[in-house]
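Peer 1: Chains as they are written, first to last, in my numbering: chain A, 2 to 217; chain B, 5 to 377.
A couple of the hints might just be wrong.
Partial selection, computed: residues in chain B whose CB lies under 7 Å from chain A [as the list claims (entries may be wrong)]:
{"id": "1", "residue": "Phe106"}
{"id": "2", "residue": "Asn113"}
{"id": "3", "residue": "Val116"}
If you are wondering where the hints come from, they were derived from the structure by calculation, not from laboratory data.
No experiment lies behind these values; they were computed from the predicted model shown.
Cβ coordinates follow ideal geometry from the N, Cα and C atoms, glycine included.
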Amino acid sequence: MQINLEIVKYTKIEDAQKIASLNEKNIVPDMMLRRRLTRNARIALYLTDQIGSWDVPIVIGNAYGEVNETFDILRAIAAGETVSPTAFQNSVHNTPASYLSIVGKNKGYITTISDLYETSRAILRVGAVKSLTYETLLLIVSDSIDFERIEEVNRCNVKIMECGVAFLVRQTDKDATLSLTQKSYPDYSPSMWPMLELFEHAAELGEKEKIIAIEI
Amino acid sequence: MRDKKSKVYLNASSCACAAGMTIEEIFETLLSGKSAIVQQSGYIDNVSIPLGKIPSDDDFFEIVHANVATLLSKAPWFDPDETMLLVGSSVGGMCRAEEKFFADGDFKNISVEEMSIHSIADEVQQKFGFKSALSFSTACTSSSIAIDFAYDLISRELYKTVVVIGADELSRSAVNGFDRLGIASRENTRPFDVERNGINVAEGIAVLAISSVKTVECVEIMGCGVSSDAYNITHPHPEGEGAKAAMREALAKAGLDGSQIGYINAHGTGTVANDEIESVAIETIFGKNPFVVSTKAVTGHTLGACGALEVAISAMSILHRTIPPCVNLKSPINVSISHPLTSVKAEVNYVLSNAFGFGGGNVSIVLGRPHAD
Numbered sequence: 002m003q004i005n006l007e008i009v010k011y012t013k014i015e016d017a018q019k020i021a022s023l024n025e026k027n028i029v030p031d032m033m034l035r036r037r038l039t040r041n042a043r044i045a046l047y048l049t050d051q052i053g054s055w056d057v058p059i060v061i062g063n064a065y066g067e068v069n070e071t072f073d074i075l076r077a078i079a080a081g082e083t084v085s086p087t088a089f090q091n092s093v094h095n096t097p098a099s100y101l102s103i104v105g106k107n108k109g110y111i112t113t114i115s116d117l118y119e120t121s122r123a124i125l126r127v128g129a130v131k132s133l134t135y136e137t138l139l140l141i142v143s144d145s146i147d148f149e150r151i152e153e154v155n156r157c158n159v160k161i162m163e164c165g166v167a168f169l170v171r172q173t174d175k176d177a178t179l180s181l182t183q184k185s186y187p188d189y190s191p192s193m194w195p196m197l198e199l200f201e202h203a204a205e206l207g208e209k210e211k212i213i214a215i216e217i
Numbered sequence: 005m006r007d008k009k010s011k012v013y014l015n016a017s018s019c020a021c022a023a024g025m026t027i028e029e030i031f032e033t034l035l036s037g038k039s040a041i042v043q044q045s046g047y048i049d050n051v052s053i054p055l056g057k058i059p060s061d062d063d064f065f066e067i068v069h070a071n072v073a074t075l076l077s078k079a080p081w082f083d084p085d086e087t088m089l090l091v092g093s094s095v096g097g098m099c100r101a102e103e104k105f106f107a108d109g110d111f112k113n114i115s116v117e118e119m120s121i122h123s124i125a126d127e128v129q130q131k132f133g134f135k136s137a138l139s140f141s142t143a144c145t146s147s148s149i150a151i152d153f154a155y156d157l158i159s160r161e162l163y164k165t166v167v168v169i170g171a172d173e174l175s176r177s178a179v180n181g182f183d184r185l186g187i188a189s190r191e192n193t194r195p196f197d198v199e200r201n202g203i204n205v206a207e208g209i210a211v212l213a214i215s216s217v218k219t220v221e222c223v224e225i226m227g228c229g230v231s232s233d234a235y236n237i238t239h240p241h242p243e244g245e246g247a248k249a250a251m252r253e254a255l256a257k258a259g260l261d262g263s264q265i266g267y268i269n270a271h272g273t274g275t276v277a278n279d280e281i282e283s284v285a286i287e288t289i290f291g292k293n294p295f296v297v298s299t300k301a302v303t304g305h306t307l308g309a310c311g312a313l314e315v316a317i318s319a320m321s322i323l324h325r326t327i328p329p330c331v332n333l334k335s336p337i338n339v340s341i342s343h344p345l346t347s348v349k350a351e352v353n354y355v356l357s358n359a360f361g362f363g364g365g366n367v368s369i370v371l372g373r374p375h376a377d
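Can you build the whole structure from these sequences, using the hints too?
Peer 2: Below is the structure:
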């Protein structure tokens with residue numbers, strides 16, 4: 002079964018190490034809230050701001066979760082120290098989704114997917130099914146894996162430590178104008194690949210209609 | 005393509021938690037009114053804390069696999085080759101990462117595949133050959149949001165059969181984290197009691213067979229409601245607006261009004277904040293009519309597994325026409341809602357099950373007794 006999605010808007014951001022500016026001060030004026038944001042949350046907020054649709058249903062995903070916060074908890078327990086409450090509350094996979102809801106005052110459907118290397122494809126599949134219920138949806142994938150022990154786990158030799166891609170989509174009965182070829186992007190986490198390829202194709206199409214068939 | 009077509013049925017379940025190794029055993033424990041929470045050491049340094057631990061020495065993932073095998077024997081028409089697998093988990097393979105990190109002091113012997121949220125789906129898919137798999141991780145609503153997605157897949161006839169797994173293992177990270185947030189009770193949890201002082205962290209597994217096929221012993225999944233509080237990372241909206249929105253949406257999708265719900269399996273974590281707002285939200289929408297119970301007093305809070313586990317428990321209430329009691333409840337915080345203190349025999353036709361989570365996510369699910377053909 003296939004569902005066709007029209008890409009209405011799209012955006013991407015990345016950095017080999019750490020994205021220098023994610024416009025946090027403008028997007029989250031409340032300093033206390035801003036200071037608590039995780040890296041994935043900052044990326045998700047930036048992408049949403051670029052798309053400009055804060056109050057739509059959201060399907061968001063990341064492969065590895067909040068690695069800095071998770072490591073902070075493990076390190077504290079191993080050292081016999083107390084766990085930081087902020088690290089704990091920010092360690093769940095849906096932390097970016099929660100900040101999107103709080104900052105964007107979004108009271109609707111928001112879900113978080115984590116399918117490791119298939120995360121991008123999973124977001125597209127869940128988004129396609131949910132497009133049968135909701136008029137437009139925001140689909141976001143991000144991963145921030147820049148933490149102090151990254152060399153111990155980076156066996157894919159990923160070079161881009163922070164990356165995020167977002168699409169505003171809606172269901173359509175029109176024929177597909179682009180397709181995914183399972184292209185590899187060796188410098189990036191495999192969790193990003195299908196949405197990176199979709200971004201690339203969407204950019205190539207310029208002003209033309211961008212429609213993709215998603216296999217459920 | 006946007007029109008819904010099929011009804012959605014929960015055909016069978018297979019579960020394990022502190023209260024038992026089968027859904028039948030768990031339901032029996034719930035009816036007995038005895039908590040399965042036991043003091044445990046080894047999770048917080050030099051402290052013993054009441055937790056809900058599955059009564060088995062087997063590896064957690066092996067228990068998940070055993071429950072999937074049991075489910076497939078209960079629903080033999082489920083062909084894994086044609087079935088979507090949906091997993092809801094907030095911890096995934098975290099315990100494996102903990103074990104190796106605490107032993108080695110580094111991550112060199114940890115594979116990302118083993119420790120990821122998707123590890124449960126990945127290993128079950130490999131072992132049983134499910135057509136496809138997706139993993140949801142939305143904290144304590146993880147498996148509820150998976151059920152909502154299963155509802156879409158079946159009702160829109162995208163799949164005929166879906167298996168939902170809710171699974172979360174007791175991890176030191178979670179126990180220490182909840183303790184540091186000040187919401188892990190040092191006593192057995194007392195949901196909806198004026199003296200309540202927090203949750204009992206627990207582990208649990210619930211595997212559900214969901215399809216468009218009406219079987220002899222099934223319940224209908226009539227509607228799901230999903231909302232976000234847009235308020236705070238750990239505190240629910242003070243007026244319970246998100247909880248109300250999820251419950252109202254679930255009722256609307258089920259085509260019911262609040263007066264038709266006979267039993268609410270509440271999220272009822274035993275925290276000051278959750279139980280206060282949930283009781284107000286329930287009173288606002290349902291009044292005193294439905295029996296309101298938190299089964300977490302017996303099972304503990306199984307985190308991402310709780311939604312699927314409590315849907316399985318709710319289905320048992322419909323099928324066995326019995327509502328379990330509120331355990332450890334002495335002085336209710338809200339006398340305007342009905343908490344049964346002993347199990348109640350009742351012709352329950354419609355049940356609502358709530359799950360709320362960190363970050364303000366809310367999911368409500370309405371189950372119903374299928375109409376006779």
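Peer 1: All the hints need checking, so say for each whether the structure fits it.
Peer 2: Status of the hints after comparison with the structure:
no.	hint	verdict
1	Phe106	holds, 6 Å
2	Asn113	violated, 9 Å
3	Val116	holds, 6 Å
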